[in-house]
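Chemist: Sequence:
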Amino acid sequence: MGEDMSDGHEHNGHENVPSRQRRRFPEISSRAYEHPADRSALVALRKLSGFDTVFKALSGLLPERSLRLLFLSDSVRVSDQQFAHLNDMLRDACYILDLEKVPPMYVNQDPVPNAMCIGLDEPIIVVTTGLVELLDEEEMRAVVGHEVGHALSGHSVYRTILLFLTSLAVRVAWIPLGNIAIMAIVTALREWFRKSELSADRAGLLVGQDLQASMRGLMKLAGGHHLHQMNVDAFLKQAEEYEAGGDLRDSVLKILNVLPRSHPFTTVRAAELKKWAESRDHQRIMDGHYPRRTEDKDTSVTDSFRDSASHYADHVKSSKDPLMKLVTDIAGGAGDLGSRVRRGFGGFTSAPPKDEPRREDGDGQGSGN
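Taking my numbering, the leading residue of the sequence shown gets 840, the next gets one more, and so forth.
Be aware that a few hints might be false.
[To be verified] Lysine-lysine pairs mimicking DSBU-like chemistry, simulated, CA-CA at most 30 Å apart: (1) K1136 x K1034; (2) K1113 x K1059; (3) K1113 x K1034; (4) K1034 x K1076; (5) K886 x K1136; (6) K1034 x K940; (7) K1059 x K1034; (8) K1136 x K895; (9) K1034 x K886; (10) K1136 x K940; (11) K1076 x K1113; (12) K1136 x K1076.
Rather than coming from a laboratory, the hints here were simulated on the basis of the structure.
Note that this is a predicted model, so its numbers are computed, not measured.
Produce the entire structure from the sequences given, and follow the hints as far as they go.
Modeler: Here it is as structure tokens:
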């Protein structure tokens, strides 16, 4: 079973975090909270032609030490003496997720709210001043848990490679691959990282154990600190409208819009997290029933593939997106597919006409399309 921990801390210059019991998860494996799409995208990334070449080249040449020195020299390292309230949150998050070595954490002067977990040998957590100023204590706790989740899952290595490939895209001629191959790897890395954010959001919820705080934090990332002007239900409604709205052209535009992004759209993250918070899987973790790290070596890759395939199949079937409906129609051999295609994009925005007349050979009647 999980363990309870009390969490009231006195923070200099900050209001006390309300004392309450939080569940702790000894020896929890990252498999407990990883989104199936995260695992699938990572497997696909590793199989991408040329990825091993890039990975080995960058792993040996990236200036890991200079990265650490950069943050040491030009950021504030979180400690008992500096940003003590963040240090408390970091230690709590590592304690709750049972991460033995607490990663160094830095606050970087940047008005844009952001946080990241990077590093090849060991993870480093960086949060911007914009984020610290935007979020309240409980919202920030979820973000710190999010980044510790990245560290526990080993995401920092791939995130670091993505950062260097995107920032050095015009200077990667020394990698023995063409620009097309590099862009394919960057695109695959972004696809994986978007999915890994869904996993880390779950880790943030396991640490904060306050769904409303997680929702508020995501809303603030989308709309700023004007919480009194925002509503969680209306925000989640946006995600529903985003998925279901439009026609097949909009589905293609959604894909094109998300390709350059490293993070999923905020409304989508909120909807995914709420769905998981209400699931049986989440409840089992909170009850202390979850995979342990000691079992990781015995985990079947085939079972992971099966879980991911099942997730995607369920997602396609339940999705309201017109493109996903088309996939379902094709897979199911729907009888009206031909008529939908003949009617063009509009055929995928509404149900097919009921009792559509059947054209009879030679009588000239029926559909004229």
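Chemist: All hints, please: hold or fail.
Modeler: Hints versus structure:
no. : hint          : in the structure
1   : K1136 x K1034 : holds, 23 Å
2   : K1113 x K1059 : holds, 16 Å
3   : K1113 x K1034 : holds, 16 Å
4   : K1034 x K1076 : holds, 21 Å
5   : K886 x K1136  : holds, 21 Å
6   : K1034 x K940  : holds, 25 Å
7   : K1059 x K1034 : holds, 21 Å
8   : K1136 x K895  : holds, 24 Å
9   : K1034 x K886  : holds, 17 Å
10  : K1136 x K940  : holds, 21 Å
11  : K1076 x K1113 : holds, 12 Å
12  : K1136 x K1076 : violated, 41 Å
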